[in-house]
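If you're matching them up, the sequences are chains V and Z in order. For the first sequence, our numbering begins at 514 and goes up steadily by one. For the second sequence, our numbering begins at 135 and goes up steadily by one.
The set of hints was computed from the structure by calculation and includes no laboratory data. Quick reminder that beta carbons are idealized off the backbone N, C-alpha and C, glycines included. Just so you know, not all the hints are guaranteed correct.
What the hints assert, rightly or not - Partial chain V-side listing against chain Z, Cβ under 7 Å, derived:
1) Met619
2) Glu620
3) Pro631
4) Ile634
5) Arg635
6) Val644
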Amino acid sequence: MSHRFPSEGWTAAFKDAVNQNEAYRTHGKPWTFGAVAMVVEADAALGIEQPMAMVLDVHEGVCRNATLIKGEQAIDESPTSFVIKASYHRWKEVIEGSLDPIKGMMEGKLRLTKGHLPTMIRFVESSRALVASAKKVDTEYL
Amino acid sequence: MTSSRTDSSQEIEMAPGGTENGLVSMLAELIGQNLADDPARRAVFARLLGRVAIVAEDLDLAVTLQFKLGRLVVHHGICGIPDITIRTSSEMIVRLSQIEVLTRGIPNPFGPNARDALRAVWRGELRVYGGVRNLPVLWRISRVLSVLPGSA
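When you get a sec, could you build the whole thing from the sequences and use the hints?
Here's what the structure looks like:
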């Protein structure tokens with residue numbers, strides 16, 4: 514069953530894909546640094562009227578919860594340790610595997626707007642495993 | 135000049151034009167947070183003097199880190215004449231920041247990331263110009279850039 518990205522259904526399917534990913538379980542095992550929000554920026558042309566964040570409560574190689582939050586204020590107030598922002602098209606590239614998240618940050622295509630960058634870089638393989646999980650979700654794009 | 139997002143904004147600045155280059159803001163942020171985390175790194179940073187250019191060849195991006203004894207200006211592109219120039223892939227730049235260390239920040243040549251770096255040097259995929267002439271600068275910069283706790 515395909516899920517529209519971004520949506521609550523896609524976020525739930527992403528959580529399941531993360532928890533089925535053996536590589537994430539291994540590389541993410543030492544991760545105890547809090548939830549990660551992937552924020553899709555507003556884009557009226559695509560019908561995304563307000564930013565949306567998929568908040569992954571990841572801990573020790575397991576995604577304990579995944580929620581979709583809508584609106585700038587709700588995102589700012591959510592208890593996330595890391596916030597990564599990008600346009601819809603950039604996230605599409607990340608999910609499809611054509612944009613590596615760390616390279617994307619180096620190029621300014623993805624921006625870490627909250628969180629400890631050295632920790633994020635230490636867990637680069639864990640980030641890649643998360644992205645690989647996203648690729649497993651049967652995704653319907655806007 | 136633009137300061138980085140960390141509370142090290144007095145010490146680290148991004149030169150005009152730097153905000154368009156993600157690597158500029160990334161390195162400014164990385165060094166700023168490393169300094170905020172660890173007073174030992176701050177002491178190393180205070181003794182850093184010189185220009186270090188880092189070129190991510192696969193992304194066609196370059197930055198110059200201009201260290202001024204406790205201050206840093208991060209420039210977009212190659213700025214001035216660098217004392218050290220590191221040319222490699224973006225992947226290797228990440229690995230260089232993960233090189234395992236022994237005591238007092240001395241790189242552990244037997245760690246997996248250090249071995250990858252040595253292999254990349256051997257294959258010509260990592261080139262460090264001016265490193266031998268400026269070993270203390272190279273050693274200090276590896277300490278302020280390392281993402282591993284206790285690297286200083």
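Hint check:
1. Met619: holds (5 Å)
2. Glu620: holds (5 Å)
3. Pro631: At 4 Å from the nearest chain Z Cβ, Pro631 of chain V passes the 7 Å test, so the hint holds.
4. Ile634: holds (5 Å)
5. Arg635: holds (5 Å)
6. Val644: This interface hint is violated because 15 Å lies over the 7 Å limit.
This entry does not satisfy hint 6, going by the numbered hints stated previously; all others are met.
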